[in-house]
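Make the full structure from the sequences, and use the hints.
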Amino acid sequence: MEEIKIKTNNRIELIDIADKVNSILEKSKIKSGLCLIFCPHTTAGLTINENADPSVKSDIVDMFKRIIPTNTNYQHAEGNSDSHIKSSIFGSSLSIIIEDSQLQLGTWQGIYFCENDGPRQRQVWVKIISN
Amino acid sequence: MEEIKIKTNNRIELIDIADKVNSILEKSKIKSGLCLIFCPHTTAGLTINENADPSVKSDIVDMFKRIIPTNTNYQHAEGNSDSHIKSSIFGSSLSIIIEDSQLQLGTWQGIYFCENDGPRQRQVWVKIISN
Amino acid sequence: MEEIKIKTNNRIELIDIADKVNSILEKSKIKSGLCLIFCPHTTAGLTINENADPSVKSDIVDMFKRIIPTNTNYQHAEGNSDSHIKSSIFGSSLSIIIEDSQLQLGTWQGIYFCENDGPRQRQVWVKIISN
Numbered sequence: 001m002e003e004i005k006i007k008t009n010n011r012i013e014l015i016d017i018a019d020k021v022n023s024i025l026e027k028s029k030i031k032s033g034l035c036l037i038f039c040p041h042t043t044a045g046l047t048i049n050e051n052a053d054p055s056v057k058s059d060i061v062d063m064f065k066r067i068i069p070t071n072t073n074y075q076h077a078e079g080n081s082d083s084h085i086k087s088s089i090f091g092s093s094l095s096i097i098i099e100d101s102q103l104q105l106g107t108w109q110g111i112y113f114c115e116n117d118g119p120r121q122r123q124v125w126v127k128i129i130s131n
Numbered sequence: 001m002e003e004i005k006i007k008t009n010n011r012i013e014l015i016d017i018a019d020k021v022n023s024i025l026e027k028s029k030i031k032s033g034l035c036l037i038f039c040p041h042t043t044a045g046l047t048i049n050e051n052a053d054p055s056v057k058s059d060i061v062d063m064f065k066r067i068i069p070t071n072t073n074y075q076h077a078e079g080n081s082d083s084h085i086k087s088s089i090f091g092s093s094l095s096i097i098i099e100d101s102q103l104q105l106g107t108w109q110g111i112y113f114c115e116n117d118g119p120r121q122r123q124v125w126v127k128i129i130s131n
Numbered sequence: 001m002e003e004i005k006i007k008t009n010n011r012i013e014l015i016d017i018a019d020k021v022n023s024i025l026e027k028s029k030i031k032s033g034l035c036l037i038f039c040p041h042t043t044a045g046l047t048i049n050e051n052a053d054p055s056v057k058s059d060i061v062d063m064f065k066r067i068i069p070t071n072t073n074y075q076h077a078e079g080n081s082d083s084h085i086k087s088s089i090f091g092s093s094l095s096i097i098i099e100d101s102q103l104q105l106g107t108w109q110g111i112y113f114c115e116n117d118g119p120r121q122r123q124v125w126v127k128i129i130s131n
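Residue numbers (this note's numbering), protein chains in the order written: chain A, 1 to 131; chain B, 1 to 131; chain C, 1 to 131.
A couple of the hints might just be wrong.
No distinction is drawn between identical chains; accordingly, a pair holds when it is met within one copy or between any pair of copies.
Stated by the list, open to error - Derived lysine to any residue pairs resembling SDA-like cross-links, with alpha carbons at most 20 Å apart:
| id | residue 1 | residue 2 |
| --- | --- | --- |
| 1 | K5 | W108 |
| 2 | K27 | E99 |
| 3 | K5 | Q104 |
| 4 | K29 | R122 |
| 5 | K31 | S130 |
| 6 | K5 | E99 |
| 7 | K31 | E2 |
What the hints contain is simulated information worked out from the structure, not anything from laboratory work.
The model shown is predicted, which means the values in this text are computed figures rather than measured ones.
Set out below in structure tokens:
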């Protein structure tokens, strides 16, 4: 597997890592299969969404903040229960089809690392399964 | 990979595509592996849930509408931020086990295309990875 | 594929099944690939989150209860619409990288079966795809 390093700059933000995933796929020379992207953190996740208008990202972030407030009657003492909950809602992995040596994404799709408890140095793991 | 075409009829609805996925698997002659179903749209998603009582579908749709209102202080100018957010919560792909040439689903499980900004002509991509 | 049996004890709870998944991987002798974990129930799901402080689990469960109340204007007559909705939010499968014959999880990550309508006897299916 390969590792992508990500430096996040805010407590909560979405960062498009599609270019980095594409670079890994290119080096692999795999023509057909599946690309598994995995987030090894429990206060961050992964999602696919629009990469054209940046306000889509901020609307997602804002709605997640509204649904899952940072401060409420949480028991976990580290003060980041909202980050754990958001991460379970986004999910910790993405699977994308590889065909003709290309990641098969829709026209408007970006691959987002969802930082829910930054800023931090993060990593994402990528495994390519050939078919 | 194979493509499934879907014509949606409402702004928000769940459409069972299990039969179409099964047809693709049948033609592939693959006996064992993984079926990856991918939604290339950013205002639609995929989920697995009950296919017996149709009120389960409508309860899911209604609760998503309640949690993520269509009209609130969104910044994205297209008026479909709720559709983007719902899509990230459902997720853009499903992975299902193939064994004995069959999709391994539970007794009550259907495979739903989650239209969050229809009606539209949509597509879903299916990739079968043999083991 | 292999089956994990799970006895749940509460209506809603998260149960760590990482040890059981690891046992299956060990027996498989697979060194590199992907581990697909699938939940065949429509009122239960799967998620990855922190396995150190048990209050993370209870905070997740409590927030899900708050966002998706058990009793509201649901149409589904079985009284467990909340369980179906929660299951679609958690998701029905997890994909984890296998490298060096090991499941590649982050330091704090556990693999949780999300019981949303227990207590019941449940099962989870595990398929290992070698690369």
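Here is what the structure says about each hint:
Proximity of K5 to W108 under the C-alpha cut-off of 20 Å is restricted to the inter-copy arrangement: shortest distance 18 Å between copies versus 24 Å within a copy. For the identical chains of this complex, K27 and E99 are neighbours both inside a copy (15 Å) and across copies (18 Å), given an alpha-carbon limit of 20 Å. Proximity of K5 and Q104 under a CA criterion of 20 Å is satisfied inter-copy only: 16 Å between copies versus 23 Å inside one chain copy. Neither within a single protomer nor between protomers do K29 and R122 lie at most 20 Å apart by alpha-carbon distance, with minima of 26 Å and 30 Å respectively.
Both within a single protomer and between protomers do K31 and S130 lie at most 20 Å apart by alpha-carbon distance, with minima of 8 Å and 15 Å respectively. In the homo-oligomer, the alpha carbons of K5 and E99 lie at most 20 Å apart only across protomers (19 Å), although the nearest pairing inside one protomer, at 25 Å, exceeds that limit. Taking the closest pair of Cα atoms, K31 and E2 come within 20 Å of each other both inside a single copy (17 Å) and across two copies (16 Å).
Of the numbered hints listed earlier, the single one contradicted by the structure is hint 4.
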